[in-house]
Amino acid sequence: TNNLSNRNLIINGAMQVAQRGTSSTSGDGYNTVDRIKLSASGPDENPTQTQHALTSSDTGPWEKGLRYSWHLQNGNQTSGAGAGDVMAMVYKVEAQDIAQSGWDYTSTSKDITISFWIKSSVAQVFYVQLLAYDAPGVYNYAFSTGSLSANTWTKVTHSIPGHSNLVFNNDNDQGFEIYFYTFNGTNRTDSGFSLNTWAAYSGSSQTPDMTSTWYTTNDATFEITGLQ
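The C-terminal residue of the sequence shown carries number 228 in our numbering, and the numbering is unbroken.
You may find that some hints are simply not true.
Stated by the list, open to error - Have a look at the derived ranges for each label pair, beta carbon to beta carbon:
no., residue 1, residue 2, range
1, A150, K64, 35 to 45 Å
2, T152, T22, 17 to 27 Å
3, S107, T25, 22 to 32 Å
4, A53, T108, 37 to 47 Å
5, T106, T78, 25 to 35 Å
6, T25, N170, 18 to 28 Å
7, N165, G65, 31 to 41 Å
8, S149, T25, 38 to 48 Å
9, D209, R20, 27 to 37 Å
10, T78, N165, 21 to 31 Å
11, N165, G21, 31 to 41 Å
12, G137, T59, 35 to 45 Å
Claimed, not checked - 27 Å max Cα-Cα, derived DSSO-like pairs, lysine-lysine:
no., residue 1, residue 2
13, K37, K92
14, K92, K110
15, K155, K92
16, K155, K64
17, K92, K64
18, K110, K155
19, K37, K155
20, K37, K64
Bear in mind the hints are in silico, worked out from the structure with no lab data behind them. These numbers come from a predicted model, not from an experiment. Backbone N, C-alpha and C define an ideal beta-carbon position, used for all residues, glycine too.
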């Protein structure tokens, strides 16, 4: 009951391991920080992703001992924000890690909590989406970061309830796929989308409609660290 160690289900959430390299403009895929994938569909110019070294001026995460972030610098999206465009940081959690976590994921009164530090050079709201794959069909959950101030580190903490249809098999297939969107085009969004609740997955209704301010700002930056 009193053992508070080993609680984090995320591997490399401090962004400190980058075996593939510390910088990449290769676009979609795993290119820098271990376990962190860039999902980029439709950009006119690929963004630059880096393992970014934090300094004492990174007020918030620095004081917590965090020394690196996953950092994304936007390209120049000259054609604007297309309906099919997507740009997001993605992390996958193995199903067995959820199954063995002790979370009673079929109970709506039992939560699992996700937290992270986030900073954007553009002030706006961003969305985080979780996909659960072992349910009867894929299940979708999304929440908001709230409105972020520009160039300011913000700690986001969000508790996610269980749902009677959630299933996590005790294997190494993906259990959760977590998207941190800088932009999600209208082919995948819905103005009537309900945040903070589980629902059967719909490809055309994954998050609310997103403002395109970050995506259409040349060289806009977005970074995350301390993911757990």
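Checked hints:
The hinted window of 35 to 45 Å between A150 and K64 is violated, with their beta carbons roughly 21 Å apart. Distance hint for T152 and T22: a CB-CB separation of about 24 Å, consistent with the stated range 17 to 27 Å. Distance hint check: the CB atoms of S107 and T25 are about 44 Å apart, inconsistent with the given range 22 to 32 Å. Checked against the hint of 37 to 47 Å, the pair A53 and T108 passes, with Cβ atoms roughly 42 Å apart.
Between T106 and T78, the C-beta spacing of about 48 Å breaks the proposed range 25 to 35 Å. Taking 18 to 28 Å as the suggested C-beta distance range, the pair T25 and N170 does not conform, at roughly 39 Å. Between N165 and G65 the CB atoms are about 38 Å apart, so this pair conforms to the stated range of 31 to 41 Å. Roughly 28 Å separates the CB atoms of S149 and T25, a value that falls outside the hinted 38 to 48 Å.
Distance hint check for D209 and R20: the Cβ-Cβ separation is about 34 Å, which falls inside the suggested range of 27 to 37 Å. The hint said 21 to 31 Å for the Cβ distance between T78 and N165, and at roughly 43 Å that hint is violated. Judged by the Cβ atoms, the range 31 to 41 Å given for N165 and G21 holds: they are separated by roughly 40 Å. Range check, G137 to T59: about 43 Å between beta-carbon atoms, so the 35 to 45 Å window is met.
With a CA separation close to 9 Å, the supplied pair K37 and K92 stays within the 27 Å bound. Pair hint K92 plus K110 holds up; C-alpha atoms about 21 Å apart against a cutoff of 27 Å. As the CA atoms of K155 and K92 are separated by approximately 21 Å, the hinted pair is consistent with the 27 Å bound. Of the pairs offered as hints, the one joining K155 and K64 holds, with about 11 Å between alpha carbons and a cut-off of 27 Å not exceeded.
Between K92 and K64 the alpha-carbon distance is near 24 Å, which keeps this suggested pair within the 27 Å criterion. With a C-alpha separation of about 22 Å, the suggested pair K110 and K155 falls inside the 27 Å cut-off, and the hint holds. Taking the CA atoms of K37 and K155, the gap is near 21 Å; set against the 27 Å cutoff, the hint holds. Pair hint K37 plus K64 holds up; C-alpha atoms about 24 Å apart against a cutoff of 27 Å.
The structure fails hints 1, 3, 5, 6, 8 and 10 (numbered hints given earlier, in ascending order).
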